[in-house]
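Student: Could you put the whole structure together from the sequences, leaning on the hints where they help?
Just so you know, the protein sequences line up as chains P, R and A, in that order.
So the first sequence is numbered by my numbering: it starts at -5 and just counts up by one.
So the second sequence is numbered by my numbering: it starts at 107 and just counts up by one.
So the third sequence is numbered by my numbering: it starts at 2 and just counts up by one.
Quick caveat, the hints were computed from the structure, so don't treat them as lab data.
Don't be surprised by glycine CBs; every beta carbon is placed ideally from N, CA and C.
Careful, some of the hints might be misleading.
With beta-carbon atoms standing in for the labels, derived distance ranges [claimed, not checked]:
#, chain 1, residue 1, chain 2, residue 2, range
1, R, Arg114, A, Leu167, 55 to 65 Å
2, P, Arg248, A, Ala297, 21 to 31 Å
3, R, Ala175, P, Arg19, 49 to 59 Å
4, P, Asn489, R, Gln292, 35 to 45 Å
5, R, Asp181, P, His339, 31 to 41 Å
6, P, Gln380, R, Arg114, 20 to 30 Å
Each chain, letter by letter, is given below.
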Amino acid sequence: MTIQAKLTGPWPEVASWLRARTTLRTQHASMACLLLVALLFPPLINNDGDVDAAANALSFAALALGLNIVVGFAGLLDLGYAAFFAIGAYAYGALASWQLHPAWSSFWVPFQWLDLVSEVDGAVHFQVSFWLMLPISAAIAAFFGILFGAPTLRLKGDYLAIVTLGFGEIVPIVARNSPTLTNGAQGLNGVLPPVLFGYQFGVDATPYYYVGLALVVFLMFTSQRLKMSRIGRAWMAIREDEIGAAAMGVDRVRYKLMAFAIGAAFAGATGTLYVAKLQTATPEMFMFPVSVMLLVMIVFGGMGNVWGVVVGALILQILQSWLLQDLSGWLQALGELINVEWLQHVDLSQSIELIFGIILVLMMLYRRQGLIPASRRVAGLSLDEQAAQVSRGGFDALAGLGSIEERRTGPLLEIEGLTVRFGGLVALRSVSLSVPAHGIVAVIGPNGSGKSTLFNAVTGLLRADSGSVRFAGQQIAGMPAHRILKLGIARTFQNLRLFPNLTVLENVLVGMHSRLRTGLVGAVVRPPGTNREEHDAQERALEILSVFGNRLVPRINHVVSSLSYANRRRAEIARAIATRPKLLLLDEPTAGMNPAETLELADQIKSLNRLGLTIVLIEHKLDVVVNLADNVVVLDHGEVIASGPPDVVRRDEEVIRAYLGRSANVA
Amino acid sequence: MPDLLEFRSVDTYYGDLHVLKSVDYRIAEGEIVCLLGGNASGKSTTMKAIMGVVPPRRGEILFQGQPLAGVSVADRVRRGIAPVLEARRLFPRMTVYENLEMGAYTRQPGPELEKDLERVFTLFPVVKERLKQLAGTLSGGEQQMVAIGRALMTRPKLLCMDEPSMGLAPVLVEQVFDIVKMINRQGTTIFMVEQNANMALSIAHRAYVLQTGQVVLSGAAAELRQNDLIRQAYLGEMVVT
Amino acid sequence: MSDTTIIVQQVINGLSLGAMYALLAIGFTLVYGIMELINFAHFNVFMIGSFLGMWALESLGLSGQSQMLTGFALYGTLAFAFVVAMLGSGLLGVAIERIALRPLRGVAGTTGMITTIGVSYILFNVVLLVAGADAKNYPNPMPVVQWKVGGATFDLRQLLIWVVSLVLMIALQLFVSHSRLGKAMRATAQDSEAARMMGVDVDRVIATAFFLGSALAGASALIFGLYYNYTSFLIGYSAGLRAFTAAVLGGIGSVTGAVVGGILVGLIETLGGQFIAVRWTDVIIFSILVFVLVFAPSGLLGRARPTKS
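Tutor: In structure tokens, the structure reads:
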């Protein structure tokens, strides 16, 4: 069944979402027009200075696109991004100039055949083709992206920024202090211009403009495709809530490094173009102000929005190249006219950074999402659409669960002697419990008794100090969170860890991350297999969301921060189901729900269990516990003080005393 | 008796999230009133609204008949509202004495202050022994004593307690509740958020039950203990059946 | 000069630089401790502080290093310059906080930091427009008085740096540990919500932190001018990054840490410049910054945790 077939009728929002896909066609048309204008720009303008400025602007747009991957998509503030620009520039600069000239020997002969070097006066002349160097520089920069990114993985946002700033400063200083490789502060000499089918690029700006345009178009395409893929969703999940992302199966290390590497690759390729155009490179071209300028561009245009970033970059470049000089000229003329001395000497071309500063502050204060925001809000629902159609569980199939393997017997989860300490405080003291396959176990206990800590330790968000956790017979204590999820344990959080600025649908799709395969190449090229996978995933997501009747389905394109509390809880459960778990850990799933909603959810949980899911839930509402659980475990001060069927536990003296207080027996 | 604190159809929001929905409370002088409800029902938000940290979007809060809108936190404390925060929230790297001083932040030093300090020492002899110790190094029970002591240093008319039993061993919980009763008898009105419904109802005069941001039930504590809804949802009725 | 003499000399120089960095580092640490904000504007508050000090000295008719003063005239002149530089910088810091940062209170993430980068750019370029790009000859009324320590020399400027820094640091320490507002600052740093509930005006505490930190930056900046006999619109960035490294090395959030870190960075700079090469000192400093953040994020004395749990 296609999504269309399933969703016509009751959920108009979905239909409009499908319509939105057809508006893509109009978008394509306007893009073609824009491209035509860009292609005709040089012959129409016919002024080499202006084309040169435009070519530079395109280079910075390409850089901004790369920074946008790191900062806009993955949320990793990089203040030393220009370092990768430098690395790409010097990579080409060194391999296509007179800078390095070792003595000729037979070693170089094979390279001569490949036309990478030639012999000049008994020395080697490196002359690696510009076109070959574009991908190579990108790869070299990507390598450094990983190298510089790796140490920052555990750092918080602002400290990550400082470390990248440190690397960003170190690279140009090393370049300045390594004259053999870079000719130091004087700059590289005689970098070769590109040659294409015998056509020498030379010093005319037009061919560089076209290469720059092609690069920007390619990088925009790549960025856009990545953004709309499994990879882009993983980045945005990390940006929105790192812990939540890890708990949903995103390998944080891998995806952060991927963002650093791809962002750096964009800069590496652009560096090669830039140095080929200038035919020189000095360390000053890559210092902190360049990194800040790029940051201003993406903040101005709209972090995370590919079009916004390009528009931001172009506007600021145009401002710098043309408007400031014109403006200075006008002010000086005005100064002569009205005879004001200082106005006659005003030179605003020095003041671009002043404008950058003002833009940065104003954007942060008044429009943090930038000129073209990355996520837009969907209009609210009509009253009709808001009327809840209650779905009281009772469903007997759910594609999102995949095929739960044949019925197991015996325990699915076995915890033994689990101890967790925070400093001097013992949060869990030698906790042991066992969860039978296909059962429902409730964990109860007062606030602060260690229930959530138990979930954190089982799901790998917290490292236990000692003890063992076995899942389906396999030891999982000490495994990273994303691997535990992949084995089949999914969870929700007491305080919710949804990705607030992503839509309901995107949140659920992030849940599927570990079950999908799309890689970097697939995301960009989109072969039929990838398209099918993405389509199936969306279909499954809708099916999972329809577990909750019409509570979430009409809202799939709403960002979750606009949902009610109860709907956020449901969205988080849907996201957890999307991971295809065998074991579902629910941390107070009914908190913030009224009795009717609670009953509704309890039924839905029961149905999930009947489909084969094993469930552990933390719950305070005892009616829910009694209703659902086969077994109850009571925690108090980090220790299991009782466990057994609800009937037995509720008669336990110690439970009464610890959990219910002395006056329980008075009532 | 006049109302010390009154909520008149108060609505609060966090961003798009509607938390308290047209809530009314009336707390008379001299009462112990407890607020029951599950997690995420709006209990802590009630406390924050009283202190002025989360201002109401609609409705008003009155203290001694005066509207609190626009009154700074400091002035609320000066007028006699003192919070005992959830999970104690002492200043961990300040001494116990400095923590008590912070309680009296809005007051001028003088003999009155000394008197209140003595009162805290009488209520909590253990606090006096620990004056020079860093608050972060105390046990949970001791921290709760300091937290209550810190609130008393403002010489409050209304003590707002957010889950005083949280994370404490049963014997300590009883101790804390005995002290709350004593403080109340000495003339301080108490408004208490509690999860430990049985304990709370055993010392409270009246109670409100909050559910998804709405008051669904209120009345005398003794009556509420007989109420079926309460018995099932909050008193752990499965024990008593 | 023998090796020992060189080392002694560089230690003397390093301590002087270190005291300067320490004063500047305290500003980073005070603000970070309270609001977990890395304040890039601090770099150029320092730079403007040096201009304020210069203009104060020039307003008394001084220029260059030709006019020496002694006795009361010298003390009075210096005191005046310190008051102007500190008060001016302090007020600038408060204004920055009030205009650019207070509206962002409660906005999570790196927004505040990005804003301070913007503010820093604005300050930098305004000075460039107003005062021009050339380095300024800094008026300095101090007579050249030198003492010999072994083969090394130690002069009046260095003595001034040490005395002023020590006095300011002790004053700050007394303020933070004993005054009512100082205690409120510590309480806010440890738990701002709880402090607010005790009736602490958190906005006022933050403004105080900005004032104190910026005023110390002003003192540090005047010292910079008197020590090097020049200033320029460019001095903020490198001094600022060294001071920030000092704050991180000492443990951000800890005032004592900032002082210890400042002195260490000063020593590393002079000794590293002597024994490795001046052109590599920046790389050394940045490497320390990166290394500490990555491997020992709480620094020597800090409790703040730059890593996430």
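Student: Verify the CB-CB distance for Asn489(P) and Gln292(R) against the hinted window 35 to 45 Å.
Tutor: holds, 37 Å
Student: Falls inside 31 to 41 Å, the C-beta gap from Asp181(R) to His339(P)?
Tutor: violated, 54 Å
Student: Does the hinted range 49 to 59 Å hold for Ala175(R) and Arg19(P) at CB?
Tutor: holds, 53 Å
Student: Does the beta carbon distance between Gln380(P) and Arg114(R) stay inside 20 to 30 Å, or does it fall outside?
Tutor: holds, 28 Å
Student: Mind checking the hinted window 21 to 31 Å against the Cβ distance between Arg248(P) and Ala297(A)?
Tutor: Holds, since Arg248(P) and Ala297(A) (Cβ atoms, about 26 Å apart) stay within the stated range.
Student: Within 55 to 65 Å or not, the Cβ separation of Arg114(R) and Leu167(A)?
Tutor: Check passed, 58 Å falls within 55 to 65 Å.
Of the numbered hints stated above, the single one contradicted by the structure is hint 5.
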